[in-house]
Amino acid sequence: MLDVQPIILRAITAATLAAVASAPIGVFTVQRKLSTAGAAIAHTSFAGALLGYLAGTEPLLGALVLSVTYALLVAYSGRRGGNMDVALGVSFGASAALAALALSLSREYSTLAFTYLLGDVLGVSESELLVLASFSVASLLLVAIFYELLKMVTFDEETAEAYGVNVTFLNYLHVVLVSLVVVVELKVVGSILATVFLVAPAASALELAHSFEKVMILSVLIALASSLAGFLVSILFNLPTSAVIGLIASSAYLLAVLFSPKRICCR
Amino acid sequence: MVTTEPLIEFDNVTVSYNGKPALVDVSFKVDRPAFVTVLGPNGAGKTTLLRVALGLIRPMKGRVIVLGLDVARAPDEVRRMIGYVPQREYISENAPVLVRDVVLMGISSRKPLGRSPTRRDKEKALETLKVVGMHNFWDEPFKHLSGGQQQRVLIARALASDPKLLLLDEPFSGVDSASQEIIIEVLRDLVRRGIGVLLVTHDINPLIDVTDYVLLLNKRVIGFGRPLEQLTPERLFQLYGRKVEVIKIGGACFVLSGDSHA
Chain A
0 MLDVQPIILR AITAATLAAV ASAPIGVFTV QRKLSTAGAA IAHTSFAGAL LGYLAGTEPL
60 LGALVLSVTY ALLVAYSGRR GGNMDVALGV SFGASAALAA LALSLSREYS TLAFTYLLGD
120 VLGVSESELL VLASFSVASL LLVAIFYELL KMVTFDEETA EAYGVNVTFL NYLHVVLVSL
180 VVVVELKVVG SILATVFLVA PAASALELAH SFEKVMILSV LIALASSLAG FLVSILFNLP
240 TSAVIGLIAS SAYLLAVLFS PKRICCR
Chain B
0 MVTTEPLIEF DNVTVSYNGK PALVDVSFKV DRPAFVTVLG PNGAGKTTLL RVALGLIRPM
60 KGRVIVLGLD VARAPDEVRR MIGYVPQREY ISENAPVLVR DVVLMGISSR KPLGRSPTRR
120 DKEKALETLK VVGMHNFWDE PFKHLSGGQQ QRVLIARALA SDPKLLLLDE PFSGVDSASQ
180 EIIIEVLRDL VRRGIGVLLV THDINPLIDV TDYVLLLNKR VIGFGRPLEQ LTPERLFQLY
240 GRKVEVIKIG GACFVLSGDS HA
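Line by line, the protein sequences are chains A and B.
Residue numbering for the first sequence follows numbering that gives the first Met the number 0, beginning at 0 and increasing consecutively.
Residue numbering for the second sequence follows numbering that gives the first Met the number 0, beginning at 0 and increasing consecutively.
Calculated directly from the structure, the hints in this document are not laboratory data.
Every residue, glycine too, gets a C-beta built ideally from N, C-alpha and C.
Don't take every hint at face value.
With beta-carbon atoms standing in for the labels, derived distance ranges [said to hold, decoys possible]:
| no. | chain 1 | residue 1 | chain 2 | residue 2 | range |
| --- | --- | --- | --- | --- | --- |
| 1 | B | A73 | A | T167 | 31 to 41 Å |
| 2 | A | A143 | B | N93 | 16 to 26 Å |
| 3 | B | L227 | A | S76 | 48 to 58 Å |
| 4 | B | M80 | A | K261 | 32 to 42 Å |
| 5 | A | G122 | B | A73 | 51 to 61 Å |
| 6 | B | S115 | A | K261 | 19 to 29 Å |
| 7 | B | G173 | A | G122 | 29 to 39 Å |
| 8 | A | S133 | B | R109 | 30 to 40 Å |
| 9 | A | A96 | B | N93 | 34 to 44 Å |
| 10 | A | D84 | B | R109 | 33 to 43 Å |
| 11 | A | S259 | B | G146 | 44 to 54 Å |
| 12 | A | K213 | B | G146 | 51 to 61 Å |
| 13 | A | S259 | B | S172 | 27 to 37 Å |
Facing chain B, according to a computed beta carbon distance under 10 Å, are these residues of chain A, among others [stated by the list, open to error]:
| no. | residue |
| --- | --- |
| 14 | V26 |
| 15 | Q30 |
| 16 | R31 |
| 17 | E147 |
| 18 | L205 |
Make a model of the complete structure from these sequences and hints.
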């Protein structure tokens, strides 16, 4: 008989990790207008997972290596005077091509595609959970260590640079952190929906709160509520978990926009 | 008593962007304390001059000495002594920051990694907000403030790190006259306390009284010296390439221009 409890427990833990790890860096990502870069990194992680699988290694590590490499290249192309938009457009195609190539070489075409495109939270193994936990802790620790500097760079890059803050390093760190959380999300909601955790909770919180601290807390709570509610509803009604989480998180953003005190006062 | 020592020296500084000159053989020297106003048309290299002083742009030729230190050799030491107020257009005004967050940035950006602001830092931030009369806005979102109030908070942030030299880039742009007067008074007081001020502007009139030296810049130095000596129709014609009237009454003068960029 299938041992249901550990599967559910691992799934809930993975969904919690994805929500808690993604929301804080998501706030900086949305505020610095890097949401599209986040989406592009998520697409690359799909190709990375497939290549990792084909190479016989842990797919999540493959996803991390390719998405970090890609993220650093995108950040490099977007340096002062560079055109990040073009780099994103070109690399979207490149990562999709890589993924298609990897899929065609695989004998488990549809299973693989579904696992990493739409997530497979119920299929999270113990070893995968360990990888997800380490990536989540690493990203949260780095956000905590660089929090004050990320805040300053987000508000005023010019003065941060004038005060000796290494803005270039922080830009690279930012995209590496996005890569880390995208890989955590890959197994939970898949690459297509990865930005749901990265963007929607942060964007919702930014509609409702005025300080970074409150936005951080609120975005974690929205991500967590979307994640757990989505998981519960999907189990109860036998629906795809990632899709339900995605719909709940997106609805939260819609509600935040509709009832945002910032917008109501300006109508 | 305030002691006199070199504040800033530009020695034949030349900067170019993609082969186009931004500053050409710029030289001037000022002792501390002093209030220096840099005046020039758009694209004259005023902001570039500040970025060179901060060590953010390396000159192709020449050197810059700030408070006795060569900026190229000791950029970090120089930056620690400088407070900077950028143009407000460079700031993400929609960022979720409170007034206290902005001022604390001036302190925490120079602290070791991972350190949250301490109680002492917060006291210091509140003190500097008092200097610019914004201490009652401690918990107010930055974006809710008027342009003039935002500018005063940015000046408080620059002062929070106890600078010896304050650089300001167009601080009166979009600022109401009440805030402008408060800012000028704060700057005047800083100079009295021995802090150097180097301010970039396109409108000298509100600053003529407080300015010790004016630098007329249009990629090259058109003139440098006391305001009453430099603000002549001839010099301003050289600066802007068109006629600018100057009214002098007793020891005061007023620059009249057809547009807002003089």
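Here's how the hints hold up against the structure:
no.	hint	result
1	A73(B) with T167(A): 31 to 41 Å	violated (20 Å)
2	A143(A) with N93(B): 16 to 26 Å	holds (24 Å)
3	L227(B) with S76(A): 48 to 58 Å	holds (52 Å)
4	M80(B) with K261(A): 32 to 42 Å	holds (39 Å)
5	G122(A) with A73(B): 51 to 61 Å	holds (57 Å)
6	S115(B) with K261(A): 19 to 29 Å	holds (27 Å)
7	G173(B) with G122(A): 29 to 39 Å	violated (56 Å)
8	S133(A) with R109(B): 30 to 40 Å	holds (32 Å)
9	A96(A) with N93(B): 34 to 44 Å	holds (36 Å)
10	D84(A) with R109(B): 33 to 43 Å	holds (34 Å)
11	S259(A) with G146(B): 44 to 54 Å	violated (24 Å)
12	K213(A) with G146(B): 51 to 61 Å	violated (25 Å)
13	S259(A) with S172(B): 27 to 37 Å	holds (29 Å)
14	V26	holds (8 Å)
15	Q30	holds (6 Å)
16	R31	holds (8 Å)
17	E147	holds (4 Å)
18	L205	holds (6 Å)
Checked against the numbered hints listed earlier, the structure breaks hints 1, 7, 11 and 12; every other hint is satisfied.
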